[in-house]
Amino acid sequence: MKQFFCAYWPTLIVVAVILYATLLPDPMPVDDMSLFPNADKLIHAIMFGGLAGAVAFDYSRCHGRIRPPRMVMIAAAVGAALAGGLIELLQDAMGMGRGAEWADFAADSLGALVAYFAAPPAIVKVLRIK
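With my numbering applied, the sequence shown covers 3 to 132.
It is worth saying that the hints were derived from the structure and are not from the lab. Possibly wrong hints are sitting among the right ones.
Using C-beta positions, here's what the derived DEER-type ranges look like [unchecked claim]:
(1) M3 - P39: 35 to 45 Å
(2) I76 - P39: 26 to 36 Å
(3) G97 - A18: 15 to 25 Å
Don't be surprised by glycine CBs; every beta carbon is placed ideally from N, CA and C.
With the sequences and hints as input, model every part of the structure.
Printed below as a string of C-alpha cells:
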C-alpha cells in the first residue's frame, strides 16, 4: 500500500482536489468567481482531463515507459469520465443544494477524451527531460 501511495501521489492529489471541489456544499462561492458564462463546464473538463492525464503520467513514470500504452489511456479516460458521472449522482443524492447536471457530465467526459489525445505527447516530453 505504501508503494502505491508513493508511486501515484500526483493522481491522489488530483482526486483529493476533485472531491473537495465537487462534494462540498459550496467550496468556492459563485460571488467570488467573476468569470464567463458556463466557466464551470471548462473547470469540469480540466479537472477530469487532469485526472486521466495524472493516471497516465503516474503509470508511465512507475512502469518505466516514455509513452503510456493505448489501453492505459483508454482505461484512464473511461475511468475519469465514469468518476465524473458518479460524482454527479453523488451530488444529487447528498441533497446539499448541488444537483446532477448532464452538461457537467458531458464536460467531464470531454475533458477525459481530450486527455486521451493530449496526455501521451505531453508525458513523452516530460519524461524525456529527465
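Notebook entry, point to check: So which of the earlier hints does this model not fit?
Noted result: none
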